[in-house]
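Number of protein chains: 2
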Amino acid sequence: MSKILVFGHQNPDTDTIASAISFAYLQNQLGVEAEAVALGEMNEETAFALKEFGVAPLRIIKTAKNETDHVMLVDHNEAQQSVADIKEVEVLSVVDHHRIANFETANPLYYRAEPVGCTNTIIYKLFKEHNIEIPKKIAGLMLSAIISDTLLFKSPTSTEEDKKVAEILAEIAEIDMETYGLEMLKAGTNLSTKTEKELLDMDAKSFNMGEKVVRIGQVNTVDVDEVLLRQSALEEAMGEQNKENNYDLFVLIITDILSSNSVALVAGEPKEKVEQAFSVTLENNTALLPGVVSRKKQVVPPLTDAF
Amino acid sequence: MSKILVFGHQNPDTDTIASAISFAYLQNQLGVEAEAVALGEMNEETAFALKEFGVAPLRIIKTAKNETDHVMLVDHNEAQQSVADIKEVEVLSVVDHHRIANFETANPLYYRAEPVGCTNTIIYKLFKEHNIEIPKKIAGLMLSAIISDTLLFKSPTSTEEDKKVAEILAEIAEIDMETYGLEMLKAGTNLSTKTEKELLDMDAKSFNMGEKVVRIGQVNTVDVDEVLLRQSALEEAMGEQNKENNYDLFVLIITDILSSNSVALVAGEPKEKVEQAFSVTLENNTALLPGVVSRKKQVVPPLTDAF
Chain A
1 MSKILVFGHQ NPDTDTIASA ISFAYLQNQL GVEAEAVALG EMNEETAFAL
51 KEFGVAPLRI IKTAKNETDH VMLVDHNEAQ QSVADIKEVE VLSVVDHHRI
101 ANFETANPLY YRAEPVGCTN TIIYKLFKEH NIEIPKKIAG LMLSAIISDT
151 LLFKSPTSTE EDKKVAEILA EIAEIDMETY GLEMLKAGTN LSTKTEKELL
201 DMDAKSFNMG EKVVRIGQVN TVDVDEVLLR QSALEEAMGE QNKENNYDLF
251 VLIITDILSS NSVALVAGEP KEKVEQAFSV TLENNTALLP GVVSRKKQVV
301 PPLTDAF
Chain B
1 MSKILVFGHQ NPDTDTIASA ISFAYLQNQL GVEAEAVALG EMNEETAFAL
51 KEFGVAPLRI IKTAKNETDH VMLVDHNEAQ QSVADIKEVE VLSVVDHHRI
101 ANFETANPLY YRAEPVGCTN TIIYKLFKEH NIEIPKKIAG LMLSAIISDT
151 LLFKSPTSTE EDKKVAEILA EIAEIDMETY GLEMLKAGTN LSTKTEKELL
201 DMDAKSFNMG EKVVRIGQVN TVDVDEVLLR QSALEEAMGE QNKENNYDLF
251 VLIITDILSS NSVALVAGEP KEKVEQAFSV TLENNTALLP GVVSRKKQVV
301 PPLTDAF
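These protein sequence lines are chains A and B, in that order. Residue numbering for the first sequence follows our numbering, beginning at 1 and increasing consecutively. Residue numbering for the second sequence follows our numbering, beginning at 1 and increasing consecutively.
In isolation and in its complexed conformation, chain A is listed as follows (with noise of 0.2 angstroms):
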């Protein structure tokens, strides 16, 4: 069998790349001859805690198929969202926490998700069954995917679990959790150096809903209003990706870690969609939602619901 590839998602984010780090180091230790790569550019936050443990940054793929047959994915299962030749390989195992959809295999396979905040959480569970020790740098990188998708754990996709195994993680890393949180998370709110382009790009993902294509974009930030005085060249931006792409309609979420509140910013169609899922009115293209931090768990859900 060739090498085995394993990548999270496109447009990665921190919990993608340390899952793809190491969940193919777990599959090394366990004799299987895997290599993880990425599928596009990591972002800032993700820099910071690469850098912050002396990982290098992965190999970034366009195309499995001339490399491999065979792949494990993490920390995603969509099609849309994973390599643009997904269906040329086989897909030997998933370790993900999102809902399942516009997935099939011809043959059995491991499929591991559980309904955690943060990928890296089952896979630590993995190393445990396995009896694997996790080495301190890769310990400090899937603490960083924790605290990453559950906002130091005030998203509420976060839970117990993520947080008794991001503890064990500190430890491992021999890091301050909150200290080191907070300045790995405002290393990814460094927006006003971006291009529209680029802010819609940072974690953006696609969803078919009913007969629609939807893209979800997501940023944090400290300050929501610097990124909406920007508004009306994101919605122009908005535009030119819906018709390149033929996305039927993109919402952007623009997210305050600090408060945890999100705004919402809407171009394309049907905009009432996105109206009936929050039980909002769009006010300029745009509506307040209130505790919203999670795509996943209170943005999609909805949507998808709406849809």
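Among the clues, some could well be false.
One copy or two, either will do: identical chains are not told apart, so a pair holds if it fits within one copy or between any two.
Unchecked claim - Below, a list of computed lysine-lysine pairs in the DSBU-like style, where the Cα atoms sit at most 30 angstroms apart:
1) Lys197 with Lys65
2) Lys87 with Lys297
3) Lys243 with Lys62
4) Lys3 with Lys163
5) Lys164 with Lys186
6) Lys164 with Lys137
7) Lys125 with Lys3
8) Lys163 with Lys125
9) Lys62 with Lys194
10) Lys297 with Lys3
11) Lys87 with Lys65
12) Lys297 with Lys65
13) Lys212 with Lys65
14) Lys194 with Lys87
15) Lys164 with Lys194
16) Lys271 with Lys243
17) Lys62 with Lys154
18) Lys212 with Lys125
19) Lys163 with Lys137
20) Lys243 with Lys137
These are computed hints drawn from the structure, not numbers from a lab. From a predicted model like this one, the values you see are computed outputs, not experimental measurements.
Once you've looked at the hints, dock chain B against the given chain A.
Below, chain B without anything else, positioned relative to chain A:
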């Protein structure tokens, strides 16, 4: 939360019934109010196993939504193999050892799949992980399931792990695996009293392949010729089922559990996909499939590829 229903696939086999019982028992021990139910009458092999270990048959349901909003699936995931109104309820967890297809959720869930021979091999691991003791009669049922799904470890789906777990379960159940296993398998091969429709329904599942719906039934026997004596009546019944249920193609796999060979009997179109899949030429709508005993591993994948 209302009581959670736990069930396996339609046309239940021994693994599906035993999985529902063992997984519901595990959930009960973990404090979850769950009831094992079945989606149809059990077969003679399963009845033999339940009687041997003194376990009552399961209640049969036709729909779930009238009783609960939440279900747990064992030994299957594809919607067309599940309860009729599966889309109306929320799937909280899945334990399975099949390919994943036609399965979609709005929310994250527990999903535990491994490419082993039997769902109960995975459920055994869950008992261990939660440190829950397996009662003697449940161990007996779990063992029966492994024997059934692996045809006493002769099926290519059987793994070292299935065998190891079976040996542990046989000790807990205080039973001689080989002797009991052959008796149980033979109890399932009494086909002479069954109508053609009953033979077709014994262990049949539907699969979406390309744009077609393919029905694949399997019967185990110690005398293939005895079944083939009824070929014309079987073909007529297959044609009727195709018409009534909009199946395009019906493939009946008649498996000799002693020689580990099968004969395929085919009705409907496109028949040439069967020829392509197995590199055979159909004669009188039949073909010998040497060494084929596993629908999951030796029939579904090549047919899926052919489509």
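Okay, the hints, checked on the actual structure:
| no. | hint | in the structure |
| --- | --- | --- |
| 1 | Lys197 with Lys65 | within (29 angstroms within a copy, 45 angstroms between copies) |
| 2 | Lys87 with Lys297 | both (27 angstroms within a copy, 19 angstroms between copies) |
| 3 | Lys243 with Lys62 | within (22 angstroms within a copy, 45 angstroms between copies) |
| 4 | Lys3 with Lys163 | between (34 angstroms within a copy, 29 angstroms between copies) |
| 5 | Lys164 with Lys186 | within (23 angstroms within a copy, 50 angstroms between copies) |
| 6 | Lys164 with Lys137 | within (19 angstroms within a copy, 36 angstroms between copies) |
| 7 | Lys125 with Lys3 | both (24 angstroms within a copy, 28 angstroms between copies) |
| 8 | Lys163 with Lys125 | both (13 angstroms within a copy, 25 angstroms between copies) |
| 9 | Lys62 with Lys194 | within (23 angstroms within a copy, 56 angstroms between copies) |
| 10 | Lys297 with Lys3 | between (35 angstroms within a copy, 23 angstroms between copies) |
| 11 | Lys87 with Lys65 | within (9 angstroms within a copy, 34 angstroms between copies) |
| 12 | Lys297 with Lys65 | between (33 angstroms within a copy, 23 angstroms between copies) |
| 13 | Lys212 with Lys65 | both (28 angstroms within a copy, 27 angstroms between copies) |
| 14 | Lys194 with Lys87 | neither (33 angstroms within a copy, 42 angstroms between copies) |
| 15 | Lys164 with Lys194 | neither (35 angstroms within a copy, 56 angstroms between copies) |
| 16 | Lys271 with Lys243 | within (16 angstroms within a copy, 43 angstroms between copies) |
| 17 | Lys62 with Lys154 | neither (34 angstroms within a copy, 42 angstroms between copies) |
| 18 | Lys212 with Lys125 | neither (37 angstroms within a copy, 40 angstroms between copies) |
| 19 | Lys163 with Lys137 | within (19 angstroms within a copy, 38 angstroms between copies) |
| 20 | Lys243 with Lys137 | neither (42 angstroms within a copy, 61 angstroms between copies) |
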